[in-house]
Each structure stands twice: as C-alpha cells, then as structure tokens.
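Visitor: Protein chains in written order, with this note's numbering: chain F, 1 to 97; chain U, 1001 to 1314; chain E, 2001 to 2115.
Be careful, since some hints might not be right.
Under the rule of at most 20 angstroms between Cα atoms (straight-line distance), these lysine to any residue pairs were calculated in the SDA-like manner [said to hold, decoys possible]:
1. F/Lys67 <-> U/Ile1097
2. E/Lys2031 <-> U/Ile1097
3. E/Lys2031 <-> U/Ala1023
4. U/Lys1077 <-> E/Gly2057
5. U/Lys1077 <-> E/Thr2070
6. F/Lys67 <-> U/Trp1208
7. U/Lys1077 <-> E/Ser2095
8. E/Lys2031 <-> U/Ala1117
9. U/Lys1077 <-> E/Leu2098
10. E/Lys2031 <-> U/Ser1073
11. E/Lys2031 <-> U/Gly1088
12. E/Lys2031 <-> U/Trp1019
13. E/Lys2031 <-> U/Ala1015
14. E/Lys2031 <-> U/Ala1066
15. U/Lys1077 <-> E/Asp2091
16. E/Lys2031 <-> U/Pro1196
17. F/Lys67 <-> U/Ile1198
18. U/Lys1077 <-> E/Ala2078
19. F/Lys67 <-> U/Pro1214
20. U/Lys1077 <-> E/Ala2071
21. F/Lys67 <-> U/Pro1196
22. E/Lys2031 <-> U/Ala1028
23. U/Lys1077 <-> E/Phe2058
24. U/Lys1077 <-> E/Met2001
25. E/Lys2031 <-> U/Thr1091
26. F/Lys67 <-> U/Val1093
27. F/Lys42 <-> F/Gly54
28. F/Lys67 <-> U/Ala1015
FYI, nobody ran anything at the bench for these hints, they're computed from the structure.
Quantities reported herein were computed from a predicted structural model and do not represent experimental measurements.
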Amino acid sequence: MKIAADIFTIVAILTGGFFFLAGTVGLLRFPDTLTRLHALTKADNLGLGLVVLGLAPQTGSVLAGLKMILVWLLVLLASATVSQLIARSARRHGPHP
Amino acid sequence: MNIALNLALILLLLALAFWTVVARETFAAVAGFVSYGLLLTLAWVALSAVDVALTEAAIGAGLTGALLIGAASRLRKTEAAARAERPGPATRVLAAIVATAVAAAIAACVLLLPDPAPTLAPEVARNIASTGVGNPITAVLMSFRAMDTLLEAIVLLFGLLGIWSLGSDRYWGGRPGLAPVAEPNGILAYMARVLPPIGIVVGIYILWVGADYPGGKFQGGTVLAAMWLLLMMSGLLDAPAVSQRWVRLALIAGPAAFILVGLLGVFVANAFLAYPEGLAKPLIIVIEVALLPSLAVTLTLLLIGPPQRAGSPP
Amino acid sequence: MSAPTLFGLCAAVLVGFGLYGLMVHPQPLRKVLSFNLIGNGVFLVCAVIARRGASAGFGGDPVPQALLITAIVVAFAASALAVALMLRQFDETGSSSLSPEVAPAPAKSPAKGEA
C-alpha cells in the first residue's frame, strides 16, 4: 500500500514538473506578452495541481491534504487575476519589453 | 534535505543574486530580487528555521518586493540619466577586489566556526515550561527576549514617523498615496472581495497557532496588512488620513499594551517585562492580541508612504 | 562539507555580490537592492550558526532564529524609509541621482501632487 502511494507520488510530481517545464519553454519561446501569459498560467496551474495531488498521499492527515488543496485554489485565484491585469495593461500600453 | 537539493538551491540563489546585481534595467533587477527572496525561504527551511522562512516569505519577499516594485515603476523616468553616471572600469575592478576580500573574510569565519558549536538550546529547553508556550521561538521572542520584541515594535513606529516626516508640508496629516482608480467591476475588485475574508482567517490562525507550532504575530500581521493593501489597491477602500484618531490609536495600542505589561512586571515580579508565576501564557496572549492589529496597520502604512493628498473626505 | 557550511559559504558570496552592487550602481534604488542582498547574506550566516547549535530536541538554536525574525522586519522598515527618501527626492527635483554635480531642478508647482 505504501509502495503504491509512493509510486503515485513520484509519477504525479514528475508529470507536474514536466508541465512546469512546458510553461517555462513557452515563456522563453512565444513571441509576445499575451501568448506567454497563456502558456504560463495554464501550464503552471496544472503543474501545481498535479504536484499537490501527488503530495496528498504523503501527508499524515486529511486536514493537511485539504490545506494543500486550499493553497492550490488560492494560487489559481491569484494567478488568474494577475494574468488578466497584465494582459489588460499589455493591450492598453502595447507590449512592453 | 540531501546534499544535491541543497547544492541546487544554493546555485539558484547565487545565480539570482548575480542577476540582481548585473541586470541593466532596474525593474528586471527587482523581479530577480523578489524571486531570490522566495528561494531564500526554501533556504531557511533547509536550515530548519521554519518561523524565519514564514517571515521571509511574508515580509522579506512579499512586502519588500511590493515596496521595491512600486518604487521601480515610479522611478522609471530616471533610468536614462542614471545610466549616464555609471563608473568606469577602474572603479569596477577596485569594487570587485574589495567585495572579494570581504567575501573571503566571511567565508574564512564560517569555516573557522568552533566545533562543537556553542548553543543556548538546552537553556531554552530547560526553561520553556515556565512560559506556557510550546514553540521555542515564540518563547524566546515573547518571554526570554521580550525586550527585543518591544524595541522592535517601537523601531517600526519610528520608521513610520520618519516616513511621515518626508511628506510635504501642504499635505501633513493627509492621505497617503495617489487617489484610487476605482473600477468596481474589475478583476482586481473581484479578488479584493473574495480574498480578504480568507486572508483574515489565515492571519489570525497564524497568530494563534504560533504558540505551539511555527507562526506568530509578525507573519499573521503581514497577512492582515496584505489584505488591507489589496483593498486599497483595488479602490474598494481609500487610504486613511494619517491624522485620524483611530489610525494613531491603532498604531500605539500594541506597544502601549506591551509597555503596560512590562510595568506590571516591575511591580509584581521585580523586573521590567518579567511575568508573574503562572500568568505567563495569559500575558503573552494579551500582548500578542494587542500587537497584531497595530503591526498590520504599521506595516501597511510603512508600505504606502507619506501623505500625498489632502485629508478631508472628497 | 556539511549543509550548514555550504550555506555559510553561499552567504559569503552573497555579501560579496551585494557589496559590489552597492559600490558600482549609481542609482539609489539599485543600492537599496544590493544593501538588502548584504543583509540577507548576514542573516544566512546567523541561521547557519543557529543550525549548528541544534540540540535538546530542537532543529536549531532558537535564540538566533528569533533574532533573525526581528532583523527581517527591521530591514523591511529601513528599506521602506530609504524608498520614501528616494521618492521624495524624485518628486522635488525630478532626478534620483546622488551625485553633487547634478543641479536640483527648481521646485515644481504644487499642483503636481493631485492625482
């Protein structure tokens, strides 16, 4: 049972790390602000969700797992708000280097 | 944490610090500094200092980052003039030599630290039962070194007085910051309606749990300050005029309660800030509950700066 | 070489970077950034000393760690004061230069303060 939980953790965290890597590649390779924001928010939020999911079997209690999911939801809220604000500013002032 | 993880963390820290020093644009340097602050949080965790990690994440990376980003965006026009003043290669070489010498001296001190290391941990463990709290850092901050915490609260007030004295004479006692651009249906206003209830609960929880687990009033106060800053930035609340009585009472309530408890110790337990037998935990709770709102108000006002508008309501 | 010693050497390099940045950059904001780097390096050395003092069931000596919390908060207050000074100088003279050769611009009209 512990082996199954550990394998699940490793697979989920590796997949999450791959999504973070994809988001960073998008940040470096996409041509302008709006596409970079798209790559960052989508890939990074999914990556964080997978990492949280992977860590959930390793915590001792249900409460700690719920706290981690709350952290993930707050990060979703913050990154969605910030990316909308950056996109609005980029559209208004033109792409800033 | 094993050696490979620590090494990777150290290399990233050094790379980000290097970027902060050599980046051409100030805004890029500030962005590097904020990420460096967040990585430093992991370094504190690697050194088993979880309370310090919480404080670094909240104040070192969060509030200092917000402060520097605001300053960098306001000073953007001076970039070109500043670039004209850059020093020549001779100064750079001299600066590099001095910096390397100082770094080498500190590295030598680190390598020559005494072994076994002197420590006060057994003393703390022996006396922690008398304070009634389980977290040794809270015990040190609020009981064994309570004088330092009191002076820190007063230093924050002095810093705030210094910032207020930098406002122009016309707006003395007025409202800090520029007038809010209120966009009541915007996304920032949405977040400012959703997040503060959660943030207030989290902030008070961090204060309460600091008695036995990592946490405490500095970290909790910073979360409360961040919620108030969010409300002001989104335009839902305006910055308070600093001459208002509730602002000034909120600022001094915490340190005043601390000093009163200290004087109580003079009369009852023969020393300033000594706690009478058995009353340590309740007195610590009184001080922390009084300091939490004062700290939140002080940190917020430190961040938003001196008064720049008239204080009378529009 | 143990982990705390590695972090101590990292702290020494950070202080070196910060000192170089403090001496080389003319803008006050970059100097404040470098000064924070120096401060964080010193805090790291203190945390290394705390970690080496781990005993009696604690992960680190609590006294230096508590002093570090105080230090981080006070460093923020000092940075806030420095930034307020910079911004006031910018508002009054239009430049943030520390050089004595840059003549301050005549005092601007007070209407600029309104948003």
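Visitor: Hint by hint, note whether the structure agrees.
Guide: Against the structure, the hints:
Straight-line distance between C-alpha atoms of F/Lys67 and U/Ile1097 comes to about 49 angstroms, which puts the hinted pair past the 20 angstroms bound. Between E/Lys2031 and U/Ile1097 the alpha-carbon distance is near 18 angstroms, which keeps this suggested pair within the 20 angstroms criterion. Taking the CA atoms of E/Lys2031 and U/Ala1023, the gap is about 13 angstroms. The hint holds against a cut of 20 angstroms. At most 20 angstroms may separate the alpha-carbon atoms for a hinted pair to count; U/Lys1077 and E/Gly2057 exceed this at roughly 54 angstroms.
Note on U/Lys1077 and E/Thr2070: the hinted pairing is violated, with a Cα-Cα distance of about 35 angstroms set against a maximum of 20 angstroms. In summary, the hint linking F/Lys67 to U/Trp1208 is supported, as the alpha carbons are separated by about 17 angstroms, within the 20 angstroms threshold. Between U/Lys1077 and E/Ser2095, the direct Cα distance comes to roughly 8 angstroms. Compliance with the 20 angstroms bound is thereby established for this hinted pair. The straight-line distance between the Cα atoms of E/Lys2031 and U/Ala1117 is roughly 35 angstroms, outside the 20 angstroms bound, and the hint therefore fails.
The straight-line distance between the Cα atoms of U/Lys1077 and E/Leu2098 is roughly 15 angstroms, inside the 20 angstroms bound, and the hint therefore holds. Annotation: proposed proximity of E/Lys2031 to U/Ser1073 holds, straight-line Cα distance about 16 angstroms (limit 20 angstroms). Note on E/Lys2031 and U/Gly1088: the hinted pairing holds, with a Cα-Cα distance of about 17 angstroms set against a maximum of 20 angstroms. Proposed proximity of E/Lys2031 and U/Trp1019 is supported: the alpha carbons are some 14 angstroms apart, at most 20 angstroms.
A distance of roughly 18 angstroms separates the Cα atoms of E/Lys2031 and U/Ala1015; the hinted pair therefore holds under the 20 angstroms criterion. For the suggested pair E/Lys2031 and U/Ala1066, the alpha carbons sit about 17 angstroms apart, so the restraint of at most 20 angstroms is met. A distance of roughly 12 angstroms separates the Cα atoms of U/Lys1077 and E/Asp2091; the hinted pair therefore holds under the 20 angstroms criterion. Of the supplied pair hints, the one linking E/Lys2031 and U/Pro1196 is violated, its CA atoms being roughly 34 angstroms apart against a limit of 20 angstroms.
A distance of roughly 12 angstroms separates the Cα atoms of F/Lys67 and U/Ile1198; the hinted pair therefore holds under the 20 angstroms criterion. Between U/Lys1077 and E/Ala2078 the CA atoms are separated by roughly 24 angstroms; this puts the pair beyond 20 angstroms, and the hint is violated. At roughly 16 angstroms between alpha-carbon atoms, F/Lys67 and U/Pro1214 fall within 20 angstroms of each other, so this suggested pair holds. The suggested pairing of U/Lys1077 with E/Ala2071 is violated, with an alpha-carbon distance near 33 angstroms, which exceeds 20 angstroms.
Pair hint F/Lys67 plus U/Pro1196 holds up; C-alpha atoms about 17 angstroms apart against a cutoff of 20 angstroms. For the hint linking E/Lys2031 to U/Ala1028, the alpha-carbon distance of about 15 angstroms falls within 20 angstroms, and the restraint holds. A distance of roughly 50 angstroms separates the Cα atoms of U/Lys1077 and E/Phe2058; the hinted pair therefore is violated under the 20 angstroms criterion. Straight-line distance between C-alpha atoms of U/Lys1077 and E/Met2001 comes to about 47 angstroms, which puts the hinted pair past the 20 angstroms bound.
For a cut-off of 20 angstroms, the pair hint linking E/Lys2031 to U/Thr1091 stands: about 16 angstroms separates their Cα positions. A threshold of 20 angstroms between alpha carbons decides the hint, and for F/Lys67 with U/Val1093 the separation of about 51 angstroms lies outside it, so the pair is violated. For the hint linking F/Lys42 to F/Gly54, the alpha-carbon distance of about 18 angstroms falls within 20 angstroms, and the restraint holds. Note on F/Lys67 and U/Ala1015: the hinted pairing is violated, with a Cα-Cα distance of about 32 angstroms set against a maximum of 20 angstroms.
Violated hints, listed in ascending order, are 1, 4, 5, 8, 16, 18, 20, 23, 24, 26, 28; each of the other numbered hints is respected by the structure.
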